[in-house]
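Given these sequences and hints, build the entire structure.
2 protein chains.
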Amino acid sequence: MSSFEKIQAAAKRLQGHARVTPILSSPFLDEIAGRRVLVKAECLQHTGSFKFRGGWAAVSALSDAERKKGVIAYSSGNHAQGVAAAAKAHGVQAVILMPADAPQLKIANTRALGAEVVLYDRAGGENRDAIGHQLAADRGLILIKPYDEPEVIAGQGTTGLEIAKQAAADGVTQADVLVCCGGGGLTSGVALALEGVAPGLRVRPVEPEGFDDVARSLQSGEIQSNAEISGSICDAILTPAPGQLTFPVLKRLCGPGIVVSEDEALRAMALAFLRLKIVVEPGGAVALAAALFHPEEFKGQAVIALATGGNVYAALYQQALLRYA
Amino acid sequence: MSSFEKIQAAAKRLQGHARVTPILSSPFLDEIAGRRVLVKAECLQHTGSFKFRGGWAAVSALSDAERKKGVIAYSSGNHAQGVAAAAKAHGVQAVILMPADAPQLKIANTRALGAEVVLYDRAGGENRDAIGHQLAADRGLILIKPYDEPEVIAGQGTTGLEIAKQAAADGVTQADVLVCCGGGGLTSGVALALEGVAPGLRVRPVEPEGFDDVARSLQSGEIQSNAEISGSICDAILTPAPGQLTFPVLKRLCGPGIVVSEDEALRAMALAFLRLKIVVEPGGAVALAAALFHPEEFKGQAVIALATGGNVYAALYQQALLRYA
Numbered sequence: 001m002s003s004f005e006k007i008q009a010a011a012k013r014l015q016g017h018a019r020v021t022p023i024l025s026s027p028f029l030d031e032i033a034g035r036r037v038l039v040k041a042e043c044l045q046h047t048g049s050f051k052f053r054g055g056w057a058a059v060s061a062l063s064d065a066e067r068k069k070g071v072i073a074y075s076s077g078n079h080a081q082g083v084a085a086a087a088k089a090h091g092v093q094a095v096i097l098m099p100a101d102a103p104q105l106k107i108a109n110t111r112a113l114g115a116e117v118v119l120y121d122r123a124g125g126e127n128r129d130a131i132g133h134q135l136a137a138d139r140g141l142i143l144i145k146p147y148d149e150p151e152v153i154a155g156q157g158t159t160g161l162e163i164a165k166q167a168a169a170d171g172v173t174q175a176d177v178l179v180c181c182g183g184g185g186l187t188s189g190v191a192l193a194l195e196g197v198a199p200g201l202r203v204r205p206v207e208p209e210g211f212d213d214v215a216r217s218l219q220s221g222e223i224q225s226n227a228e229i230s231g232s233i234c235d236a237i238l239t240p241a242p243g244q245l246t247f248p249v250l251k252r253l254c255g256p257g258i259v260v261s262e263d264e265a266l267r268a269m270a271l272a273f274l275r276l277k278i279v280v281e282p283g284g285a286v287a288l289a290a291a292l293f294h295p296e297e298f299k300g301q302a303v304i305a306l307a308t309g310g311n312v313y314a315a316l317y318q319q320a321l322l323r324y325a
Numbered sequence: 001m002s003s004f005e006k007i008q009a010a011a012k013r014l015q016g017h018a019r020v021t022p023i024l025s026s027p028f029l030d031e032i033a034g035r036r037v038l039v040k041a042e043c044l045q046h047t048g049s050f051k052f053r054g055g056w057a058a059v060s061a062l063s064d065a066e067r068k069k070g071v072i073a074y075s076s077g078n079h080a081q082g083v084a085a086a087a088k089a090h091g092v093q094a095v096i097l098m099p100a101d102a103p104q105l106k107i108a109n110t111r112a113l114g115a116e117v118v119l120y121d122r123a124g125g126e127n128r129d130a131i132g133h134q135l136a137a138d139r140g141l142i143l144i145k146p147y148d149e150p151e152v153i154a155g156q157g158t159t160g161l162e163i164a165k166q167a168a169a170d171g172v173t174q175a176d177v178l179v180c181c182g183g184g185g186l187t188s189g190v191a192l193a194l195e196g197v198a199p200g201l202r203v204r205p206v207e208p209e210g211f212d213d214v215a216r217s218l219q220s221g222e223i224q225s226n227a228e229i230s231g232s233i234c235d236a237i238l239t240p241a242p243g244q245l246t247f248p249v250l251k252r253l254c255g256p257g258i259v260v261s262e263d264e265a266l267r268a269m270a271l272a273f274l275r276l277k278i279v280v281e282p283g284g285a286v287a288l289a290a291a292l293f294h295p296e297e298f299k300g301q302a303v304i305a306l307a308t309g310g311n312v313y314a315a316l317y318q319q320a321l322l323r324y325a
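Those protein sequence lines, which keep their order, are chains A and B. Per my numbering, the first sequence starts with residue 1, numbered consecutively. Per my numbering, the second sequence starts with residue 1, numbered consecutively.
If you are wondering where the hints come from, they were derived from the structure by calculation, not from laboratory data. Virtual Cβ for every residue (Gly too), placed ideally from N, Cα, C. Any given hint could be a false lead.
Claimed, not checked - To be clear about the criterion: a stretch of chain B counts as covered by chain A if any three or more of its residues have a C-beta under 8 Å from a C-beta of chain A, and this derived list gives those stretches:
no.: 1; segment: 13 to 22
no.: 2; segment: 316 to 324
What the hints assert, rightly or not - If the Cβ cut is set under 7 Å, some of the chain B residues that face chain A in the computed set are:
no.: 3; residue: C43
no.: 4; residue: L44
no.: 5; residue: G48
no.: 6; residue: G221
no.: 7; residue: I223
no.: 8; residue: F273
no.: 9; residue: K277
As the list claims (entries may be wrong) - DSSO-like mimics (lysine-lysine), calculated; alpha carbons at most 30 Å apart, straight line:
no.: 10; chain 1: A; residue 1: K69; chain 2: A; residue 2: K88
no.: 11; chain 1: A; residue 1: K12; chain 2: B; residue 2: K68
no.: 12; chain 1: B; residue 1: K12; chain 2: B; residue 2: K69
no.: 13; chain 1: A; residue 1: K165; chain 2: B; residue 2: K165
no.: 14; chain 1: A; residue 1: K12; chain 2: A; residue 2: K251
no.: 15; chain 1: B; residue 1: K165; chain 2: A; residue 2: K299
no.: 16; chain 1: B; residue 1: K165; chain 2: A; residue 2: K88
no.: 17; chain 1: A; residue 1: K165; chain 2: B; residue 2: K88
no.: 18; chain 1: A; residue 1: K68; chain 2: A; residue 2: K6
no.: 19; chain 1: B; residue 1: K165; chain 2: B; residue 2: K68
no.: 20; chain 1: A; residue 1: K165; chain 2: B; residue 2: K12
no.: 21; chain 1: B; residue 1: K6; chain 2: A; residue 2: K88
no.: 22; chain 1: B; residue 1: K68; chain 2: B; residue 2: K88
Next up, the structure:
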């Protein structure tokens, strides 16, 4: 099965389970950006982020024997909740390995969704891949990696199928599609989907300053790493480096990466509050920030931005409103 | 043309212009309510509230000769923005009469949408009907009333057509539908739509304490007024009394009214932030508040609540988060 066929198959399994999230827009945002801005509001997805799609795709692809074993995932929070919710709906046990400095809200939500949460010390250098593999081996669990995993990429890619259809209905068939990018699961999935159904839509990965591994990797043609993997408010998209599976796709299909500041992300959050009435977390707002504040990066009459998640704690959200709303 | 046929006709004129807003839900909210809670996120409508539907329906129903005259509307803010945006899209001049104590955000947005804003003193007892009619007469403008207006009721009623379809897709055909209620335009429109397409769905008007004219009117069988028409954070739904056109519909089709406190509205706003990732204003949150905090009012496995608007200023929103998120 090709990657595109995998996305189509995942879309069938997700039907009636994942939400078809709306495309939103506002003349006030169009004016700031100098062109139409279509925002795919994936923060309205179950569990508050697109990660539910990948979680559902991966869990629903397991054999009965595998489901009986249970699953394990490592995640700063959104993949955790996506896998936990999907596992619960399938009656599958879930263990989630989360960094101890992940937002408390994401940890609490993951537990409330029925998963067993195991914490590790991200800042102290503990390696989640190693811990995750060890736990999986010790307890006989199936590991669902956050991005370097074909079924997860396929699940996230279903977002791209919807974007193609919705953008066409809005009259947009030629545009850059800005995707908040961590390890590249969503970005590569959307790029593969658009390659199949909307070749006039080109993906551009967007990252926060200091965590621009994908932008640098695309520029150099080789996988580059981040110096740090914590310490940004954009916690959802802090990953060490693009994935082994995702990077070749990004390299083949995506335009240059775009880097935005944390302040730009906060401003985009405030504008999403004011103009779109959606709650977006910092890591989920970098694509909208690029659309609004980096107009020189784009050509044409429209740009599409994914608002990928809304799991932000209230105190940080209030800061964004206090400064920029 | 019957009221229901008017709604169907309005739905055709709105197609491709108004958004089909999603139904959202969260297991966390279901747990609080003790049943499934389906939230129709009409705060994601253009201009941030359902009022865009009525504005579009009314402006699009005008003859060419009427459009040339221009329109006037009076509104605390959401109807203002809805009419202003619809008028702008149709190339029609709009004058909007707004209370001077309306949220600055709503006044500013209305102006930014190209309308001329005229302020009046609501708290001081100036009568907006009288001023509106006078201005309309003096300047030859077509008056679009906020709720006692057949085309506006029809436009708001299109929300009910969507609810019926979306709820059925979610397996819900028997439930109370909670509607944030001011003058009753949306409430009566939705009730008329559901009467036509989903008779198992019954509308219940929801109001804030101190402004429960509809609940008291339904109880007594006669139109009752509010002692005050300002002084609540639920500014969007403060009206003097149910309308002459809307009340007979409410009386015929709706279940008993429900009254919630301002604090409950703020808690519902915070929960919509945490669990649904939508921004809801106080007046737009009273229906969700009823669903969550007045479970004794309902029977059955599900309840449907309209989140009718999201035009809340940041400082008030921050208060809701500070207290309850």
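These are the hints, each one checked on the structure:
no. : hint            : verdict
1   : 13 to 22        : holds (count 4)
2   : 316 to 324      : holds (count 4)
3   : C43             : 5 Å, holds
4   : L44             : 6 Å, holds
5   : G48             : 5 Å, holds
6   : G221            : 37 Å, violated
7   : I223            : 33 Å, violated
8   : F273            : 6 Å, holds
9   : K277            : 3 Å, holds
10  : A:K69 - A:K88   : 14 Å, holds
11  : A:K12 - B:K68   : 50 Å, violated
12  : B:K12 - B:K69   : 25 Å, holds
13  : A:K165 - B:K165 : 21 Å, holds
14  : A:K12 - A:K251  : 28 Å, holds
15  : B:K165 - A:K299 : 39 Å, violated
16  : B:K165 - A:K88  : 27 Å, holds
17  : A:K165 - B:K88  : 27 Å, holds
18  : A:K68 - A:K6    : 23 Å, holds
19  : B:K165 - B:K68  : 37 Å, violated
20  : A:K165 - B:K12  : 21 Å, holds
21  : B:K6 - A:K88    : 45 Å, violated
22  : B:K68 - B:K88   : 12 Å, holds
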